[in-house]
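2 protein chains.
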Amino acid sequence: MDRDSLVAAVARQGATVRELKKNGGAAADITTAVVALNELKAQRQRDGRAGRPALEDLLLRKMFVVPSFEIYGGVGGFYDFGPPGAALKGNLLAAWRRHFLMEDDVLEIECTNIMPEVVLKTSGHVDRFTDLMAKCTKSGECYRADKLVEDFIENLLAKNASSLSSAEQEKHRLVATKAESLSPEEMHAVIQEYGILSPGHGAPLSFPMPFNLMFKCHIGPEGTHVGYLRPETAQGIFLNFRRLLEYNAGKIPFGCAQIGNAFRNEIAPRNGLVRVREFQQAEIEWFVHPDDKSHAKFGLVADQMLTLFPKELQLTTGKTVQMTVRDAVAQKIIANESLAYYLARTSTFVKSIGIDMDRVRFRQHLDTEMAHYACDCWDLEIQLSSGWVECAGHADRSCYDLQVHAAKSKVEMVGTLKYDAPRAKDIVDIKVNKGKVGKAFKADMAHINKGLAALAADDAAAMAVIEPSFGVGRLLTAVFEHTFYAREGDEKRGVMAFPAAIAPIKVAVLPLSTAKEFTPVMLSLERDLRARGIACKSDASSVAIGRKYARVDELGVPFGVTIDFETAGDQCVTVRERDSCAQLRVPLAKVVAVLDDLVAGRAAWTDLTKVFTVVEAKKDE
Amino acid sequence: MDRDSLVAAVARQGATVRELKKNGGAAADITTAVVALNELKAQRQRDGRAGRPALEDLLLRKMFVVPSFEIYGGVGGFYDFGPPGAALKGNLLAAWRRHFLMEDDVLEIECTNIMPEVVLKTSGHVDRFTDLMAKCTKSGECYRADKLVEDFIENLLAKNASSLSSAEQEKHRLVATKAESLSPEEMHAVIQEYGILSPGHGAPLSFPMPFNLMFKCHIGPEGTHVGYLRPETAQGIFLNFRRLLEYNAGKIPFGCAQIGNAFRNEIAPRNGLVRVREFQQAEIEWFVHPDDKSHAKFGLVADQMLTLFPKELQLTTGKTVQMTVRDAVAQKIIANESLAYYLARTSTFVKSIGIDMDRVRFRQHLDTEMAHYACDCWDLEIQLSSGWVECAGHADRSCYDLQVHAAKSKVEMVGTLKYDAPRAKDIVDIKVNKGKVGKAFKADMAHINKGLAALAADDAAAMAVIEPSFGVGRLLTAVFEHTFYAREGDEKRGVMAFPAAIAPIKVAVLPLSTAKEFTPVMLSLERDLRARGIACKSDASSVAIGRKYARVDELGVPFGVTIDFETAGDQCVTVRERDSCAQLRVPLAKVVAVLDDLVAGRAAWTDLTKVFTVVEAKKDE
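If you read the sequences in order, they're chains A and B. By our numbering, the letter at position 312 of the first sequence is numbered 322, and the numbering carries on one by one without gaps. By our numbering, the letter at position 179 of the second sequence is numbered 189, and the numbering carries on one by one without gaps.
Just so you know, these hints were derived from the structure itself, not from any lab.
If chains are identical, the list can't say which one is meant, so a pair holds when it fits in one copy or spans any two.
Quick list of in silico lysine-lysine cross-link-like pairs, BS3-like style, CA-CA up to 30 Å:
#1 K600 x K526
#2 K303 x K361
#3 K526 x K303
#4 K452 x K441
#5 K261 x K502
When you get a sec, could you build the whole thing from the sequences and use the hints?
Here is the structure:
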């Protein structure tokens, strides 16, 4: 079965299972159906892995993504986006802005990549933004310790699948799951226990030491002012909180976003765009009062179904659960409405950019793996050929960031909540007789003052932050993997099934041959398409039309327009839809408007088949 | 006279001068007219300087541009873009893409900010991307030597305007002009000759030493692999040349662009966004055969007038010259069609974003100030309150970049030119008797082989590069200064007269009061505007409508829609145009379409006055 049919089969079988469960089918029938579904899913996953070399070849050959500094042999963890990759990324970000920012009136700012040490020292990154590194005692090569452990255990489980009891397997799996969050001592113990050696030389590994992932530089000519490349875009937003609140006329809750580069000096970059040293983030900081994390638009998403993988289930059954956003909040699985709102919005967004929702889940962080600033976190995970990959995080950063920056900079970062109705409140108003208190407590006076000040604290509170944070390169990888397929009957004809909204090129203009009479039609179509801002690409070469289609299929162009020898007579062209290969004969006078409607999603292909003549494609096309 | 009237007066007087010259007016009349024109221009320039504090206050208060890390006191040369600044920049770049890339089918890619040393060593930046730095011998403070010289001479000229002969003034001015390109020895001599001391302590300055402007970092955990933050986006394009040529099906000429950050560790950042340490560039590399720098679209721009400041005139009269693009190329003032094409396109572009063309000139680099990679360069200079500022460069980088990278990486970077007609050519085909030659020349054999290889070189040649390169922050500064004015009769009412295409917010929705009946109309307008992708902002606060207009004028919102107490009855709203304050009564059913047409430039305000009822503005509005 080819991958397309497999995807369809998974969808059909999934529907069967849901139907059976809904109608109270016999347990045995349900079990059989579920087993069949799981087998189909496993097959699709294997198929995805098998298709990966063909996809990687296409991505490189068509210049979607290429290794940076390739002519000098490249450097691990750095990639460039070629013309179609850069356009796809630009369109994806435009869609992101419309979906998350314009819809919810979220502000957007742009801060610098270089930040002085004080910012990242205060945020905790200088001290805690580290991975454990173990060195090969023979060669000095550096390894990321948690990845060594994960790889070792994965290997162990694969090799001893039959001999290990399921309890033993479970125990090993848990070690791998927790590897990222171990202390140096714990990590050392695990390495010793499993007898893990350096992969390069089979030599013992050094005691694992924390390695800071930030790139360091020096600002100014004196060389004394330390700076870092930002490890996340969020900090710039926190620093601007006070001005942003003022810009927003003091109203809370409100959000501010930033799209930009982040830099992490990974010990072991790998998996293409998945773990790189320079990448793009799209982050929103949604500022809410810590006592009220409700969301005004919660009702709009409450009925939406999400696939959740809460921490309890990760440590017990290992299975996800499907439930509505409303239930997840009601059952306190997701902590608050604002966090849940963004999980739902993210789910809608990734569906709109072509992600297969059967391979999407929201996984809650274990307490041990949480970043130093977060009190709850749900990752958007997408199943790729390399496994489940975090493509977005949704963290409740609580008041951490604004509090630490306020304390360090002595700049207040508070907001005031406007209650719908007046509330009565007891106010502690203390008049201290400093002389007497001082005499009585002497050296302890500082503590006393602090305690008294806390008692008198007013309603102004540091804002809590709900942070949806997207890794743009990872989302793109997911789009690549989930939209790529090989045309039936010809494995070498790869197709990128990008939704029109994010396709780098929307329309291909394809003269049937190099006949001179086609040129004016081609140029006029190009001009009219561009006037409407529709990205198009012409192919006036002498190759066969089937080959031209194959070329633009690889670029994921959703619609092709063929100019042929009948065009001069009937003043019509043929419009082809990428995935069905269906063709319509459309008058030249109407074709640009028709394409505009198709690309913008105002018209569906099936509607047009009722208006225009359907053309039978020839065999070689 | 307020600034608006001044701008108009300069335009009128300019027209008078041109008319006189064209019609062969009497020399005395022309001179009088020119003197009057120059006085008006000087007045406008003084006025621009006077308006600067008000503008700077507005930019900061409305969060167009704010100092980065402000709560920690900021760091010189780093700025953040707040919500309206980021939106303005995004719109300016979208306009840039449409104008330069879509129109001419130029490719666009995105490369990394961090680059390994080999790239920038080969490009010449490691050795030559330096400024001369002089240290205060007392405090150790670092100064940029050329700026010290320029400031000193500017001061000297200002103080001694009456006592110095014009020849003396000219001599000093030339020293300042050439300061940027002096060698350490020459710079030292100038500092000694003028007796320039450190501005901070009045102490002697150290011998000036080259200071490399690149930020250095280390890639990977070992700490041995040196990297730099790119000082320009161009290098990433050069490295990808071979793949780009292939993507373009081997056809030349072609162009590739990149928009992205560049980093320069300036010794003395200053003038807001004009000299910063982190900034955004928008660069095009137009690859042409070194023997044929003609441009297919040259005819479309040949009649366009440009204000040129060629190097000869800079060193003699100090005056610019106006001429057509065609004449400039014919007279070899601009070296080739491709370079001239881009000067013309840049001129059209800056006009479209609101730059006053009376304060624009293209200045050719002196031979001594040219960057190490360039053989000719024309800066787009815009007159700002701080003087003439380079906002874009147009360099003929010749074959320099591709040649050095090809030589170092051993990867060929050549293209082949397809002649329109076959050409006869003598081919040197050498069959060397290596034994005999070797015996005869022995140790000199290597030289002999090299010479023979050169004789036999084929038609494949390293491409030359024409590079239009824009400093985005500087363009924005120019837009700010050239569009800002104070509303007549009220100096405190600042207005940003952004063209609608780049305005961060296109429409303000303004209920006349907090009356509840206005809310549904406001929400429905917001929804319909957003559905068309039109950025809007509502102000439902209780302040007077005049104050609401003033607020959105400061944000440069071109159109306002007022919902008033008559709206419920006549189902109309009032649309206000920002600069004329003219108002029209437009039916609610039509207003979103009307605004869409206005914003997209499909409709002009004056046309609409014939369709809809003109409303008299009340005094306080």
